[in-house]
Amino acid sequence: MQRASLPLHGVKVIDFGQYIAGPAVAMILADFGATVVHVDPPSGPLWESPANATLNRNKLTLRLDLKSPEGLAEARGLIDEADILVENFRPGVMARLGLDPAALRAARPELITISIPGFASNDELRREWRAFESVIAAASGVFTDMGLNRVLMGINPCFSPLPLASAYGTMLAVSATVLALQARERTGLGDGIEVPLASAVMEGLTYNSLLVEDYPARYKTQREQEIERRRANGLPMNVSYSELQEFLDPFYRSYECKDGRTFYVVCPSHRNHAKRCLRTLGLYDEMVAAGLREEPDTYLPVSEWSSDVSLGVYPLPKFWADKIAARMKEVFLTRAAEEWERIFGEGLFPGTPQRWLREWLSDDHAEAAGLVVEVDDPEYGRMIQPGPMAWLEESGAAMLTPAPRRGVGFEEALAALRAHPTRLPALAATGAGKGWLEGVRVLDLCNVIAGPHGVSYLARFGAEVIKVDPAQPLYDCWNTVIFGMTHMRGKKSVLAELKSPEGREIFERLLRSADVVVWNATDRQVKSLGLDAQSLARINPEAIFCQLDCFGGARRGPRSDYLG
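Residue numbers 0 to 563, in numbering that gives the first Met the number 0, belong to the letters of the sequence shown in order.
Misleading hints may appear alongside valid ones.
List of simulated lysine-lysine pairs, DSSO-like, C-alpha gap at most 30 Å [claimed, not checked]:
{"hint": "1", "residue 1": "Lys-328", "residue 2": "Lys-257"}
{"hint": "2", "residue 1": "Lys-498", "residue 2": "Lys-274"}
{"hint": "3", "residue 1": "Lys-274", "residue 2": "Lys-317"}
{"hint": "4", "residue 1": "Lys-526", "residue 2": "Lys-274"}
{"hint": "5", "residue 1": "Lys-219", "residue 2": "Lys-274"}
{"hint": "6", "residue 1": "Lys-328", "residue 2": "Lys-317"}
{"hint": "7", "residue 1": "Lys-433", "residue 2": "Lys-490"}
{"hint": "8", "residue 1": "Lys-491", "residue 2": "Lys-433"}
{"hint": "9", "residue 1": "Lys-498", "residue 2": "Lys-526"}
{"hint": "10", "residue 1": "Lys-257", "residue 2": "Lys-322"}
{"hint": "11", "residue 1": "Lys-491", "residue 2": "Lys-219"}
{"hint": "12", "residue 1": "Lys-322", "residue 2": "Lys-274"}
{"hint": "13", "residue 1": "Lys-317", "residue 2": "Lys-257"}
{"hint": "14", "residue 1": "Lys-328", "residue 2": "Lys-274"}
{"hint": "15", "residue 1": "Lys-490", "residue 2": "Lys-526"}
{"hint": "16", "residue 1": "Lys-491", "residue 2": "Lys-526"}
{"hint": "17", "residue 1": "Lys-317", "residue 2": "Lys-219"}
{"hint": "18", "residue 1": "Lys-257", "residue 2": "Lys-274"}
{"hint": "19", "residue 1": "Lys-322", "residue 2": "Lys-219"}
{"hint": "20", "residue 1": "Lys-219", "residue 2": "Lys-490"}
{"hint": "21", "residue 1": "Lys-219", "residue 2": "Lys-328"}
The set of hints was computed from the structure by calculation and includes no laboratory data.
Here the structure is a predicted model, which is why all the values come from computation and not from measurement.
Given the sequences, and given the hints that come with them, work out the whole structure.
Rendered as structure tokens:
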């Protein structure tokens with residue numbers, strides 16, 4: 000399948016980005032078929048890293064001296080042919096080079112400019128800082144507020160090499176860019192977009208660093224209680240890693256297996272997952288006989304429960320957490336980690352062996368599903384790179400053979416852009432609406448974080464979002480209420496049991512008027528609810544169905560239907 004089948008074929012991008020966020024935005028646009036010219040200074044990329052081979056795949060690369068009259072003129076010539084300009088310099092740098100995004104849009108109203116600075120242009124204190132990833136993380140609290148484990152172990156603040164700000168910023172920026180491009184199809188007008196990385200990283204901190212006044216005791220984990228106890232008594236934070244494990248919920252921790260490898264169980268908060276886990280381990284009847292209960296309605300105050308515990312609620316009280324974990328430790332030692340992976344996957348509850356990155360790069364599922372791809376880079380040769388982060392069902396296969404970056408001269412870069420003439424509608428006479436997605440209706444069937452938070456972006460960008468949840472919740476109120484304080488903003492809410500005749504009728508009535516349906520579910524779950532392509536087409540053939548899941552790829556693999 001050729002790149003001409005990809006959704007952004009014919010879209011032209013000039014990428015002035017360096018380091019991670021700017022090039023990553025342009026990489027995703029290129030993966031989706033856009034023609035991208037990446038511009039480096041005469042000396043080459045500012046970041047000497049093999050990561051550039053991934054970040055600049057599917058791109059033409061060009062070296063220009065933007066501080067020289069000739070280089071500036073060539074840059075302007077390329078911009079004159081572009082639909083999108085990407086840059087992640089400090090605020091004001093592009094203007095000082097003579098490439099002010101606002102001035103460029105004034106000259107060409109159809110141009111979309113995306114700026115991804117470290118700190119916002121209106122942040123008078125920090126906007127001139129050289130905002131490398133570690134500077135942003137230190138300034139915004141990532142190194143100090145991202146983990147209870149590090150607090151208890153006394154290693155706070157703690158450096159992390161994960162480029163979280165760039166990752167969140169990339170996804171926000173590329174989403175905004177594509178929505179602005181879609182809006183231009185209606186209005187003929189481009190847009191100016193700014194996504195500061197220090198602002199983007201807050202999307203993650205809102206879940207990991209919540210501070211809620213009068214936070215109910217039932218939601219406090221053993222780690223939180225231990226931190227409070229030690230602080231109140233002036234005790235040191237000196238818990239060892241092995242001691243730390245005993246403060247973790249039994250359904251949200253790692254266990255050593257027969258082969259010495261550890262297995263990560265991720266079954267908290269769900270009405271069915273913890274129960275399936277205990278049944279499969281042969282512990283359910285034993286725990287019920289010992290007094291473990293399942294409350295019919297865990298959304299009631301704990302004082303109205305028949306006991307102080309309910310299976311499927313996070314976190315479990317210490318007595319039950321310790322009791323269950325002790326027995327789970329014994330059972331996990333009876334099988335190898337990969338055998339447990341198969342049992343969990345086929346049993347429909349989440350868990351996985353703890354793997355090294357090197358193992359994942361050659362994993363049979365990662366390769367089969369297209370989650371990793373092979374690229375023959377001109378500098379590094381054969382490389383294993385991440386596969387596409389999203390794809391359309393009908394063209395996903397075309398994204399699994401990305402082209403390596405290729406250095407070109409100015410004339411070839413210009414010709415590549417001119418090969419795709421820009422076609423625009425007449426300029427809209429109406430003023431700006433409420434957002435790029437004004438008039439779009441979205442049904443949100445998602446749960447936990449990734450799905451509902453992703454849909455919250457659509458609400459922010461102007462869509463009408465209707466959150467559809469079961470009347471009998473699958474998740475406990477710690478998950479739905481506490482996480483919901485972030486991802487439910489701007490959404491309407493409907494409760495309906497989709498497997499009942501009445502609930503199905505409500506859902507299909509909503510579906511007939513929807514433009515988009517989003518659900519974080521496996522193929523098996525999608526088909527069981529009648530939301531596969533054929534079933535959806537019978538109800539609303541115009542609706543777009545967006546599916547998120549843990550192990551899915553552009554192709555199916557052996558673990559595509561495993562939960563996670």
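Check: Against which earlier hints does the structure fall short, listed by number upward?
Finding: When the structure is compared with the hints, none of them turns out to be violated.
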